[in-house]
Amino acid sequence: MEGRFIIETEGLTKKYNSYTAVNNLTLRIREGEVFGFLGPNGAGKTTTLLMFLGLTEPTSGKVRVSGLDPTREPLRIKEKVGYLPENVGFYDDMDARQNLRYVARLNRIPDEISSRRIDELLKMVGLFEEAGKKVGTYSKGMRQRLGIAEVLVKEPSIVFLDEPTIGLDPDGTNRMLELIQSLSREKNITVFLSSHLLEQVQKICDRVGIMIKGNLVAIGPIDELAQKKLGVEKGHYTLEEIYMKYFKEV
Amino acid sequence: MSGIFTILRKELEDHFSSTRFLLISALIVMVGVIIASMVGMGIQEELKGSTKPTLIFLFLFTSTGKLFSFVQFIGFFGPLIGIILGFDSINRERISRTLSKLVSQPIYRDSIINAKFLAGIVTITVVLVGIILIISGLGIRLIGVVPGSEEVGRLGIYLIISILYISFWLGVSILFSVIFRSTATSALASLALWIFFSFFVSLGANVLSDMVAPTPVGQTRPSPETIMKQAQVQRIVSLCSPVNLYTEATSTILNPMRQTTKLVFVGPMEQLSMMRFQNPLPLLQSLFIVLPHLISIIAITLVCFGVCYYIFMRQEIRTV
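Quick mapping for you: the protein sequence lines, in order, are chains A and B. Residue numbers 1 to 250, in our numbering, belong to the letters of the first sequence in order. Residue numbers 1 to 320, in our numbering, belong to the letters of the second sequence in order.
These aren't lab readings, by the way, just hints derived from the structure by calculation. Keep in mind that the hints are not guaranteed to be accurate.
Derived pair list, reagent style BS3-like, types lysine-lysine, alpha-carbon separation capped at 30 Å [unchecked claim]:
id, chain 1, residue 1, chain 2, residue 2
1, A, Lys-133, B, Lys-10
2, A, Lys-80, B, Lys-10
3, A, Lys-134, B, Lys-10
4, A, Lys-229, A, Lys-245
5, A, Lys-140, B, Lys-10
6, A, Lys-213, A, Lys-228
7, A, Lys-62, A, Lys-80
8, A, Lys-80, A, Lys-134
9, A, Lys-213, A, Lys-203
10, A, Lys-123, B, Lys-10
So that you can see chain A by itself, here it is in the shape it has in the complex (with noise of 0.2 Å):
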């Protein structure tokens, strides 16, 4: 995986009064690649995407984002990065494709274009069929697919995505895995991806990086950690092992 890194954070530090979110996060990610972000609930993860984002100022450090600071040019920040939230919200009166067209429009993206691209990613997602439907009416694994396809409505170059399968089916989870894993290889998108459930992560994530109480512990392919930690071969480990590992030092 060679290519330019595409987000570079050194020394990021975000401190709530006294409470340390993120302490001292150095990070590089390359273009194109699938990251994921791995830590129990409260680790950090969310307060640094909102970082990378600019939603959030960081109390000290550096953060680039495909070149921009995020405190600085957030608009064109925003420009370029999706960002599913946990837990994605929708308006729930309006149908699959008045979202999506509203999201367009908050891009600035002139609706004949839009509206072909709407359709595109509606059927990306599998849910062409049931576009017209309030999105009220939507089950849990649904939103999230429709939560893909308005992210990928403005064309980002890196998306975040935070805990994308949590609260899904088996079969939905394995259909979210797989839409998010041709983003990276079919569009070339960075995908940046936070998450707990680490069975799922194992199974797209070229790199991963492991971050426990805002510290980041790991970094790097989950061969060469388990080779580190566990000291054994390709094939017998799995992430959950080597992540317990790392749970207990802490």
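Dock chain B against chain A, hints included.
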């Protein structure tokens, strides 16, 4: 400005298609039409055969008839329009988790709050212009008098004051929707403030005036000085309420015979007879009288919006 028109458009669509907006505008139109036709028919009856005095047209709005005047009705009921349009504008988005999505789009964060405020003002304007036109049309038919430029001007100013006044309440309810996470809490808080200003301020004014200028012990009747002082205190206190501020301002601007914003107890027919000895004030002079009121209403509306803006911009957008 980026994104503001997209949000404005959506908010307007939401307002005009919502059931609660339909209900409240239906109520206002209904009450407006009833008051106007009652007053209109009353004027028709009483003025049968006599020459119609000038400025009678504005009586449609200020005359109390059997119940209350249209101006009083809007003064009391207008806040509810503002509250209904704003009480859940921010926290509904927070609850349905669409706010974090909105702020991650390439729009300025203040476009969200500006667009919400603007959408409310546009809606208020549409409702008020609509009802004033309906009443005017009805009035022209009933009393057969076409309003002159002076009356149209007065109505225009009345309209502006009313829009500002209802926008103040819109600001209050949006402020509460920013502060409180639950829509029920923000609705109740706005309603509580509305009731407080509508009823309790005047009650409080009475109590306070008695405390400041008590009737001396042993005297059955207060001296004229005490009465004056009490009235003064009452007036000052009651002007703390936007409701009184609005009622005084609008009843003065719509009634050219009134040469002061202070309360005068004269009925519409007495006023008519007084007109023989008095000349109505020109529009500009009426405007001067209510200028302090007008400025106060603008000020409280702006302050309210400013506070709301400040709090919203400083809030952390976290997935709640």
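I'd like to know which numbered hints this structure contradicts. Please list them from smallest to largest.
none
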